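Protein chains in written order, with this note's numbering: chain S, 1 to 155; chain W, 1 to 241.
If you're looking for bench data, these hints aren't it; they were derived computationally from the structure.
In this text, all values refer to a predicted model and were calculated from it rather than measured experimentally.
Yeah, the Cβ is synthetic: ideal placement off N, Cα and C, and Gly gets one too.
Hints are not guaranteed to be accurate.
[Said to hold, decoys possible] Computed footprint of chain S on chain W; a stretch qualifies when at least three of its residues, placed anywhere within it, have a C-beta under 8 Å from a C-beta of chain S: (1) 14 to 24; (2) 75 to 81; (3) 96 to 104; (4) 133 to 141; (5) 184 to 198.
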Amino acid sequence: MKPRTRRAVAIAAGVAIVGVAVGLVLKAFQSNLVFFFTPTQVAGKQAPLDRNFRIGGLVEEGSVKRQADALRVNFKVTDGAQTIPVTYIGILPDLFKEGKGVVAEGKLGADGLFTASQVLAKHDENYMPPEAAEALKQAGHPMAKEKFAGQGGKP
Amino acid sequence: MNWFYYASPATFYGLAGRLAPYFFLLAAVLTGWGLYLGMLVAPTDAQQGEVYRVIYIHVPAAWMSMFLYFIMACYGALTLIFNTRLSGMMARAIAPTGAMFTFIALWTGAFWGKPTWGAYWVWDARLTSELVLLFLYFGFIALANAFEDPRRGDRAAALLAVIGVVNLPIIYFSVKWWNTLHQGASVSFKGTSMHVTMFTAMLVMSAAAWMYAIAVTLVRVRSIILERERRAQWVREAVKA
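Next comes chain S alone, as it looks inside the complex:
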């Protein structure tokens, strides 16, 4: 083998080994790398229920209730299978809407009520003008009814 071939092989092997090592590390930290847990995962006790964590899902249609005299807002987060009621005091991001993606950070109470300290809107990967969105909605296209950016059902 020529020296340069040997060096090329050594580099390829080095990158492969580091790649595998990083892959294993990421696999080991899998549970810490997820940004949020879905309601199904929370129901399955996969979330760290004893401390703060984030839940993510869609804001259930018709579930948003604002208190008339305060900033408190109650809504439900759903992934289609499970639903978690959430309460939050504060200002919601512009994209917070019923039927759209949301990520809330907070603590799950013993009564099953999730008290959020922060609410973030999760945007999907679809970009279109309002007329197109309206047309899709009327045609009943699945794109209009968001499926939580394709991440809902994954365990």
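Following the hints, put chain W in place on chain S, whose structure we already have.
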């Protein structure tokens, strides 16, 4: 044609000087066209309103940050395998532009994140791995300049660049592998989930970013060549002329 002809810094110096103006011109024209399409022609987004227009800067910058790192790593591999001089200089010339695009991607993302998500920064996998990329660029620049002998610096930094390639698939697939706040990819090899004018404008801006990156890299590599080869006869003649 002899492919190795331009691998010599002396001949590449001239070629880079002749090519750079054309790439600058292309970059200017494409930027003008892309901004016109993106800011004036493309429609408003149904959900985000006008704030979505940050994608015409954010997405090209984020793509370039990854592409440029990959190219830099390829030059790094050439340095390590063939021990060529020009590859080390090219990698050094690319690094600052790559770091700049990474910073722009993070910065514009933060200003988009506040109105849409409700937070400037979150520690999700996509954002964190992109931040790691910025530190890889900084590490490359620091390591390349940490040696008295520039060619030792080239080789040390090349090793870092090659190893750091592992981060690229993590950035790209982070939105698929883990639950992230960052949305999934709008553009993939299977197609796009974007309106066609929005998509065209984004592609034109990406092409502009490419042209700009090539142009500044060529200009920068010329200064690096002059500095490195300052004792060579041809440099003395070129500088005198």
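These are the hints, each one checked on the structure:
1. Only residues whose C-beta sits within less than 8 Å of a C-beta in chain S count toward coverage, and the stretch 14 to 24 of chain W has 0 of them, not enough to reach three; the restraint is violated.
2. Using a Cβ-Cβ cut-off of 8 Å, 3 residues of the stretch 75 to 81 of chain W lie near chain S, which meets the minimum of three, so the contact claim holds.
3. A count of 0 residues in the stretch 96 to 104 of chain W with a Cβ less than 8 Å from any Cβ of chain S is obtained; the coverage claim is therefore unmet, three being the minimum.
4. Check result for the stretch 133 to 141 of chain W against chain S: violated, 0 residues qualifying (beta carbon to beta carbon below 8 Å, three or more required).
5. Here the stretch 184 to 198 of chain W counts 7 residues with a CB under 8 Å from a CB of chain S, which clears the bar of 3, and the coverage holds.
Hint violations for this structure: numbers 1, 3, 4, all remaining hints satisfied.
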